[in-house]
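Next come the chains, spelled out residue by residue.
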Amino acid sequence: MIQEVTLAQVVERLQVLESTVKMLSMELALSPSETKFEFVIRVDGGEVWRGRDVVTHYPEIRRQHPDDEVSIGWQSSPVVLI
Amino acid sequence: MTTITFPYVERHHPLLGSVKRPLLRLELHSERFNLWIALDDVLADTGADLSVVPLPFGQLLVTNVESGQPTQLGGIVSSTSAFNGYIHQIQARLGETEFELLVAVVTTATIPPIFGRRQALDRFEVRFVHGQELIIET
Chain A
8 MIQEVTLAQV VERLQVLEST VKMLSMELAL SPSETKFEFV IRVDGGEVWR
58 GRDVVTHYPE IRRQHPDDEV SIGWQSSPVV LI
Chain B
22 MTTITFPYVE RHHPLLGSVK RPLLRLELHS ERFNLWIALD DVLADTGADL
72 SVVPLPFGQL LVTNVESGQP TQLGGIVSST SAFNGYIHQI QARLGETEFE
122 LLVAVVTTAT IPPIFGRRQA LDRFEVRFVH GQELIIET
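Residue numbers (my numbering), protein chains in the order written: chain A, 8 to 89; chain B, 22 to 159.
There's no promise every hint is true.
Stated by the list, open to error - A few chain B residues that don't get close to chain A, going by computed Cβ distances all over 10 angstroms:
1. 22
2. 24
3. 26
4. 31
5. 62
6. 80
7. 84
8. 121
9. 142
Said to hold, decoys possible - Heads up, incomplete: computed chain B residues facing chain A, CB under 8 angstroms, no partners named:
10. 54
11. 58
12. 59
13. 61
14. 77
15. 81
16. 133
17. 156
Simulated from the structure, these hints should not be mistaken for lab results.
The C-beta atom is built at its ideal place from N, Cα and C for all residues, glycine as well.
Whole structure, please, built from the sequences with the hints as guidance.
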């Protein structure tokens, strides 16, 4: 059967396949998903902790670093903020 | 008058490649612990009527989040899914400038900390420069 397929037809089928895969990839990338987020605690600008239970960890880290600059950040999985 | 410059912060995005955001550092006074808490990654948002912090930040700032003024918070895309929040008056510091700030503690952790207009951006001269720098005159 392979002899009945021309090179032009093979190229055309590959192009259709390629565009289908592109569409599927785009749909997957755009499908809604739960935003993942976490908090980051930094001491003098360096990250020392990352997670969700910042209410427990921030006071502990602050106690461990009484003379340093302790800050909290919020970060999420890739999302477009509007 | 003092000028504070915050370079935009770049984040990776799978479709856009990267996005740059005007994020600033803000200090808020914790009534609960009687100390100043420095918050990084606070979004300067001219579209936000009020400043907002996610629930865990609010729990660090005030002893009882629900003692604030209850309100509903919604965004451009969230007219059908507003969040509950509680508004508190909190002492804030931007650079060396100290001021009273209305902050809504939203009852979710999925909303980023936001520096909105009322008692916040409206208080200062603010420039968003070519998607590169946020400049605030305090």
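Cross-check of the supplied hints:
Every CB of chain A is more than 10 angstroms from the CB of residue 22/B (nearest about 25 angstroms), matching its label as outside the interface. Chain A leaves residue 24/B outside its interface by the beta-carbon criterion, the shortest separation being 21 angstroms against a cut-off of 10 angstroms. Here residue 26/B stays apart from chain A, with its beta-carbon at least about 17 angstroms from theirs, past the 10 angstroms limit. Non-interface call for residue 31/B relative to chain A: holds, since the shortest CB-CB distance, roughly 12 angstroms, exceeds 10 angstroms.
Distance to chain A contradicts residue 62/B as a non-interface residue, since its nearest Cβ pair spans about 4 angstroms, not more than 10 angstroms. Listed as outside the interface, residue 80/B is inconsistent with that label: its C-beta sits roughly 5 angstroms from the nearest C-beta of chain A, within the 10 angstroms cut-off. Distance check on residue 84/B: its Cβ is at least 12 angstroms (rounded) from any Cβ of chain A, clearing the 10 angstroms threshold; non-interface status holds. Non-interface status of residue 121/B relative to chain A is upheld: no Cβ of that chain comes within 10 angstroms, the nearest being about 21 angstroms off.
No beta-carbon of chain A comes within 10 angstroms of the beta-carbon of residue 142/B; the shortest separation is about 16 angstroms. Interface restraint check for residue 54/B: the shortest CB-CB distance to chain A comes to about 7 angstroms, inside 8 angstroms, so the restraint holds. Using the Cβ-Cβ criterion of 8 angstroms, the hint placing residue 58/B at the interface with chain A is satisfied: the shortest such distance is roughly 7 angstroms. For residue 59/B, the suggested interface contact is upheld, since its CB lies about 4 angstroms from the closest CB of chain A, less than 8 angstroms.
Nearest Cβ of chain A to the Cβ of residue 61/B: about 4 angstroms, under the 8 angstroms cut. The hint holds. At a threshold of 8 angstroms, the smallest CB-CB gap from residue 77/B to chain A is about 5 angstroms, leaving the interface hint in force. Interface hint status for residue 81/B: upheld, as the beta-carbon distance to the closest one in chain A is roughly 6 angstroms, under 8 angstroms. For residue 133/B, the interface hint holds, the least distance from its beta-carbon to any beta-carbon of chain A being 5 angstroms, beneath 8 angstroms.
For residue 156/B, the interface hint is violated, the least distance from its beta-carbon to any beta-carbon of chain A being 21 angstroms, above 8 angstroms.
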